[in-house]
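Build out the structure end to end from the sequences listed, making use of the hints.
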Amino acid sequence: MSTGRKYLLRDVAPYGGDRTTVLLADGVVAAIGPEVSDDDATVIDGRGLVLLPGLVDLHTHLREPGREDAETIRTGTRAAALGGFTAVHAMANTTPTQDTAGVVEQVWRLGRDAGWVDVHPVGAVTVGLEGERLAELGAMAESRAQVRVFSDDGKCVHDPVLMRRALEYVKAFDGVVAQHAQEPRLTENAQMHEGVVSAELGLAGWPAVAEEAIIARDVLLAEHVGSRLHVCHLSTAGSVEIIRWAKSRGIDVTAEVTPHHLILTDELARGYDPTFKVNPPLRTQRDVEAVRAGLADGTIDIVATDHAPHTREDKDCEWAAAAFGMTGLETALSVVQETMVDTGRMTWTDVARVLSEAPARIGRVSDHGRPIAVGEPANLVLVDPAARRVINPEEQATKSGNSPFRGRDLSGCIVATFLRGRATVLDGTSCDEDVVVRW
Amino acid sequence: MKHLLSTGSLSHKQAVRILDTAGQMAATQAREIKKLPTLRGRTVVNLFFEDSTRTRISFETAAKRLSADVINFSAKGSSVSKGESLKDTALTLQAMGADAVVIRHHASGAPHTLAHSGWTHGAVINAGDGTHQHPTQALLDAFTLRRHLSGPGDVTGRDLAGLRVAIVGDVLHSRVARSNVQLLHTLGADVTLVAPPTLLPVGVDAWPAAVSYHLDEVIDTKPDAIMMLRVQRERMSSAGGGFFPSPLEYTRGYGLDARRLAAMPEHAIVLHPGPMNRGLEISADAADSPRAVIVEQVANGVAVRMAVLYLLLAGSEGTQDETRHDQTNDQPNDQTTKNETKVDA
Ligand SMILES: [Zn+2]
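If you read the protein sequences in the order shown, they are chains A and B. When we follow full-length UniProt numbering, the leftmost residue of the first sequence carries the number 1, and every step to the right adds one. When we follow full-length UniProt numbering, the leftmost residue of the second sequence carries the number 1, and every step to the right adds one.
Hints may contain errors.
Subject to a maximum C-alpha distance of 20 Å in a straight line, what follows is the list of computed DMTMM-like cross-link-like pairs (lysine to aspartate or glutamate) [stated by the list, open to error]:
id, chain 1, residue 1, chain 2, residue 2
1, A, K6, A, E35
2, B, K87, A, E313
3, B, K87, A, D273
Partial list, computed: chain A residues near chain B (C-beta under 8 Å) [what the hints assert, rightly or not]:
id, residue
4, P184
5, L201
6, D316
Since the hints were made in silico from the structure, they are not lab data. Being a predicted model, the structure only gives us computed values, none of them experimental. Positions of the beta carbon are idealized from the N, C-alpha and C atoms, including for glycine.
This is how it looks when you write it as structure tokens:
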């Protein structure tokens, strides 16, 4: 799968550490060292740039099949590459639902054909996300898509018996259930975080306890049946506490936080701009502090985008009528840098852990999130942490404009992304021709 | 002030000014010929996504008495559950040249969205949005409270300093309560919310109001006014088995009846935004007692809505630049009212 092209990343800082030079050839890291050179290679001046393993997103909505007006696998994965990702997990709430081997294989193949990142479809836990009976989890696991992550994301597997069965069943193929923790009865018609702001705005509240109660139940279920559990996009201080407690008991649970929950709060709902309507909802400053602390101390394992593109029609309306969700692939690393690295709470090594190594491990993706070492697959991203940019959704690769960071000045830029040694992004620009001709 | 979306954004000065203007409007309404030419040639659209005959008629009457052209647009029954219709409707109204849009909508924040979307250039007046705000209702309540309770003589320029007002009932779902808490606080009144805990929102502790679960205890503190909120019977059977066990139990705890009315101070008045559920939150004795000002509220509603339309639409000099001194703002407005009244009479 060699493209023939070689890249010499001169004077880059792997994990933000000492500068060295890295040669990419034949799809792998061919050599590392200050003296490495290669006359045939394309040279990239890496001074000031941080080299990380390519980012892995455990939670992406690519919308295809079904809502190609909001995003396609091609546009979404191109956005992912521009955001520094080399692999994404495509959530199952498509139309038709990714609940059979046929649909997950289709998504997997469309991802391969697009060529921007490796697409790992997530399989639905229940048929049609209806929460009534298990989907054919085994068939999806054994398909060419090799599904390992199962989720009814957008809906919660709220029936405790069904959740127990799912946790048990996926052990047969080392799968994991990724739970969207939302007690449905406590959140009927809910519009935003329940608290001071919702009380004033007259928007029906989404209480923190609706998330925490499910997480508490699920960690106990996972302990009881000896399964591993992944908690999607946790958003409250209480959820962090429960995960911390569960881990201290030795329960095999992992947890994710989104970039937006690391930086935005429910105060943004005051303008009734549905761009800020998301599930789980933006919480309070206290919760933001708690999830940052949880990410820094390892209670929260990963950052995942929950990239949720929506058409203008679905956001250009009154709050209650608008869809939940915001885009995030092209801003995720910047938000993590700004909230965690620039503040001194995490190193670039930690960033590699939470945005690449740990999500790859949870998703059982063996060729991503690897060490930057000779012989390893050249799935890498080159970041300029000193750069700043103002976010303009119209200039992004995602098909949808619902970025919550419109007009906001964020730290850090992706300079280059490599998928198995091939540049998908160079000079901050997507390598459209190379990628399109590849397959 | 370009729009009226929430009482929370009204300053003390602005609020008193609206009440004073409403006072002038009310005075004109005592005359035989009630119509003023002030808004001749201007178009006011009543955009109602939710049924409310009484509020619509009140706004319509107010606009017509100021000689505005009124278009009633009832969007109820059409497919309004999706937001496109708000946008498309607004664009249609814009094309018709609406100078003001009076909007009633089931979604909290819809008037805010309309005002800030660029879909319409006219003034937006919130006539009730979801469980958020109903600012003209609060203004007419404040107007009524001021007229009865701020002491003898001309009430112009006064606020509600020191008045103690109890708001009783379904605060959780009430836009009237939200609007009143903010406005009455701005005007200096002390507000106590009285409701069963299930009908108070999480976060109410941040409001500028005291909270009690016991109506009798609050009545014992001798409030100057008691405002009864409508309690919808459906609340009893909705999610979670209902917000209270039975209408009877609600009435026992929170209904205003003859006994509780008698326990109130001599001067205290009873308000209700209507429509009333007689026998649930208010008994017939209380509703029909001389201390109930419920019918007067309706009349005051027209005067207050005239004032709001007038201040938002009649001449930018008086309304748009609130940073200027009120004195200089007030004078030309008073002049206009008097002059035009003369012409009309
Ligand atoms: Zn989710």
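Here is what the structure says about each hint:
1. Between K6 of chain A and E35 of chain A the alpha-carbon distance is near 16 Å, which keeps this suggested pair within the 20 Å criterion.
2. Proximity of K87 of chain B to E313 of chain A is assessed by CA-CA distance (about 10 Å); at most 20 Å being required, the pair is judged to hold.
3. For the suggested pair K87 of chain B and D273 of chain A, the alpha carbons sit about 14 Å apart, so the restraint of at most 20 Å is met.
4. With a cut of 8 Å, the hint placing P184 of chain A at the interface with chain B is violated, because the nearest CB-to-CB distance is about 11 Å.
5. Given the 8 Å rule on beta carbons, the hint for L201 of chain A holds: about 6 Å separates it from the nearest Cβ of chain B.
6. For D316 of chain A, the interface hint holds, the least distance from its beta-carbon to any beta-carbon of chain B being 6 Å, beneath 8 Å.
Comparing the model with each earlier hint shows a violation of hint 4 alone; every other hint is respected.
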